[in-house]
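Student: Residue strings, one per chain:
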Amino acid sequence: MSSNIVAMDAAPTAIDGERMTAPAPAAKPRRRRPGGFTPYALLVPSLVILIAIVGWPLFQLIIMSFQKFGRAQVFGAPPEFVWFDNYTKILTDPTFWQVVARSLAFAAVCVVLTMVLGTLIALMMMRLGKFFRLLLTVGLLLAWAMPALTATIVWGWIFDTDYGVINNVLVNLFGLTDFTQHSWLINPLSFFLVAAVVVIWGAVPFVAFTVYAGLTQVPDEVLEAAQLDGTSYVQRFRFIIVPYLRSIFVVVIILQVIWDLRVFTQIFALQGIGGIKEQTNVLGTYIYSVSIAGGEYGTGGAIAVIVVILLMAISIYYVRQTIKEEDL
Amino acid sequence: MSAITATARPTAAGAAIDTTARRTGAGKKRATTVVLSILAVIVFLFSVFPVYWMINTSFQPNNQVRARVLHFWPDNFTLRNYGTVLFDQNRAQFGPAFMNSILVTILTVAIALVFAFLAALAVTRFRFKSRKAFIIAILIVQMIPGEAMIVSIFRVLDGWSLLNSIGGLTIVYVATVLPFTIWTLRGFVNGVPAELEEAGMIDGLSRTGAFWKITFPLLAPGLVATGVFGFIQAWNEFLLALVVNARPEAMTLPVWLRTFQTLTGTTNWAAIMAGSTLMAIPVIVFFLLVQGRMTSGLVSGAVKG
Amino acid sequence: MRKLAFVAIGAAAALALAGCASGGNAASTSGADKANIRVWFVGTDTPKDAREYLEKTFAKENPGSKIVIEEQSWTGLVDKLTTSLSGSDSPDVVEVGNTQAAAFTSAGAFMDLTSHKKELGGDDLLPGFVEAGSYDGKFYAPPLYSGARLVFYKKDALAAAGLSVPKTLDDYVSNGEALATANPGKSGIWWPGQDWYNALPFIWENGGEIAVQKGGKWVSELGSADSVKGLKEVQEVMTKASAAPKDGQETNPQVGFCDGTTLQLSAPSWVKWSILAAADADTPGCPDQEANLGVYALPGKNGGAAKVFAGGSNIGISAKTKHPELSLSALKIIESKGFQTIYGKNGLVPSLKSLAPTLGTDDVAKAIAAAAANAKLTPASPKWADVEASGVLTDLFVKIAQGGDVESLAKDADKKIDDTLNG
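Protein chains in written order, with this note's numbering: chain Z, 1 to 328; chain S, 1001 to 1305; chain E, 2001 to 2423.
Worth flagging that the hints you see were computed from the coordinates, not collected in a lab. Glycine residues also receive a C-beta, built at the ideal position from the N, C-alpha and C atoms. It cannot be assumed that every hint is accurate.
[Stated by the list, open to error] Negatives, chain Z to chain E, calculated, CB over 10 Å: (1) 59; (2) 105; (3) 116; (4) 117; (5) 131; (6) 169; (7) 179; (8) 189; (9) 193; (10) 196; (11) 201; (12) 221; (13) 226; (14) 239; (15) 244; (16) 272.
[Stated by the list, open to error] Chain E regions said to be covered by chain S (calculated; three or more residues, Cβ under 8 Å): (17) 2071–2081; (18) 2275–2287.
Using the sequences and the accompanying hints, generate a full structural model.
Tutor: Structure representation (structure tokens):
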């Protein structure tokens, strides 16, 4: 009974402290029981929903990608099988590859900047006084909580050609009259600058908070010992903090990659405000414009399938790592 | 046991600063602190400015919003925009849309957490056929661009007569957040050693009892952390809600907000900002409530993943 | 854990039950002759009076049944119509933009109304719109209303520059440039880059076309010599006479007019009401400018009214409606003189030609009548809505506004439009 009480005590303490360090993942192999029917039963609710709402539509999507499937087919006209026509059309369309390249470049820039800024802010929070840390936390929290759609509308308003605060300040406060009625969205590079500001602004808080929480768990003893050895701050970051937070960085980077490659809301909303769609489409908005707005559901399906294959190719390393880890 | 309890160090950050201070000169330290504090203020301003600008605009009369002169604070303070947004009978109503959004969001988070948790238990605690396949499938599903599947999803819901209902939209949202939730919770459940439960069982608890009394409390931060993502997703989603819940009475807040932007007519920017503010408030409240748990949860999940 | 497994299966079962239980909520099926007829109006263009008229008249003519008006927004309308009209919970009567109508008539989304055409107005209906609402010789969606495009101008600005209302399209262009030169930083003709509707008269007046049907295929003709001539004039206005954002939308034209930076602009007739909206309205205008607000129909190359784009809507009955009789009854009320007169009084062109006088006799009414008489529509291809949705045209004109090479831009756009129209 006594150890039971200890266990009961242990749990709340860990939560109250808000900080838990994990046992090193690879230290001991996990033991899994053969469960008979139990594991399958536990999976049933998730499987039912996933098969119905993701699996079945995905199956239909793949079928559609081999058909000529337009709006008339939605209303019941029998679709005609065209097999790989949609695929060859997409794969030979330079527009598609431009969109892919653009998406990859945009995601890369956003992920790198978000990670760097988030980590720097987290490191900064470690060394700030109580008041400034609280101030920063509140600011980041507000930015994080802003819904993406709302945030984009507000940023679009801030960058507005006629009435935006940015142009106004640049012209009236800094005397840069070039920015009178400067359109921030018309040039694709400038469009993606604004888009990156919106995306990074919304994503940095998540990274900063997560890395900060991770930093608080790096044992002081290790850092102190390193400091006694005369290492610089950069060295300590490189050789102690980074390895210690490796798994956090991996998870956060993967999430950022998935989110930034699939970015839709921010780009879609910005395109509504200004800019040239053709030069600013990313994968999400491109699929939307082909499949939903353009009524070419078959082609849209083919693009979606190609995108999934591309993303899988990109993340193959991570997937393989996962499989290896699962072998334990 | 000690692995979990002994390393709880609320003062770790403070300690680090103190040790730094002892070893470097006091003057240098002060200079660094000043520089960092200034940087913190800059980051703070940058983070908060759009939020402030939204609120600022929402309290100004509309003719002042679209003017060449900027108003950095609402000097002609008015609540009119909130009146328009909340009570104008000629517009889509805020109240029902808000209720729909809240219901869908809460249900989505609750159902997704329960289902994902059960699934996470299955893949972490048991050995079974096609376990690996399931995990990989969960990862791949997250890469599918959802925009392409809208028509198919619409048809599935239509087949079940779940269009224009809270339930239908909830199921769709649960499906969209489940893969991520299972994926992340898997890490958390993995992090709670099965030995803990077994120890409890030796002490006379049933397996279920041991689970509820020992494992479950340790998972709370993880559940909060993953719940947040479901919350954001369900609260903000626009495209599916637009198509699946086409009846005005089934509208959610993101769709409602769009009704203020018309293609041909005049856009009431001040009202859009008031509506945006109203839409952001529940998220901010929710974040403030769970913030502490969320970040610690994210970390423990990540480390254990 | 085993218990949890049972819980899991129980949860799945409960979910399935919930699905079945809520299956009964399609409540509008209550007998053949008594029902709620769901009508979708888009945007706020249909006035409140008209909605009430429809509700009351319908309730009187069909005791026990009711009209339920569900207002939709233009954003995402095509997506929403595609799914909703093809589903089991389809609305009964739906408004659709006239340039979008072909996408749905060709897909079989609407009920065939050929045999009822006469009762709905027959030859009195606006001919261009009837064409937009017909497909393959069958009549699906009668016109709902049309909005003519007019030019609004500041009388004092025109007078100060020593100009008068232009008689030809060339005068219009040179007037706009003269105004812009005389008033640096202001728009002689306010023309944001995304506004491609206003460019169509320039193409048509120069003898060009957007796209024509040749041997069963659509051929985009923006790159033809005539069209390019028109597009070059568009570029001249956009770059020399307009101070509007080169990638802006045509929304909120009243703002520039009211703060004095817009001296002329071409816009749908209802913009008059945006400009004259009370200063304390939700979206305020500048009623003090009423005496200074002039209006004329865009002049053509050789005088008279130019061929302008006729915006507006068609309205049809969903092929999936469960109450075709009642829906038809509602549609008949919508096409009746009583209902359509309300549009006329609110500055929109009624769907019946004979009701043109309801627009009134002031300058605006005269200009509307002149413009409507010469209005033209976009190509009647089922795929035209997709061309619009793809953004090819807005992109083209944004690039033209930036001063790009008109001919090569137009040829590029032709290729994309051909692909879409024949895809």
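Student: Go through the numbered hints given earlier and state which of them the structure violates, listing their numbers in rising order.
Tutor: Of the numbered hints given earlier, the structure breaks just one, which is hint 16.
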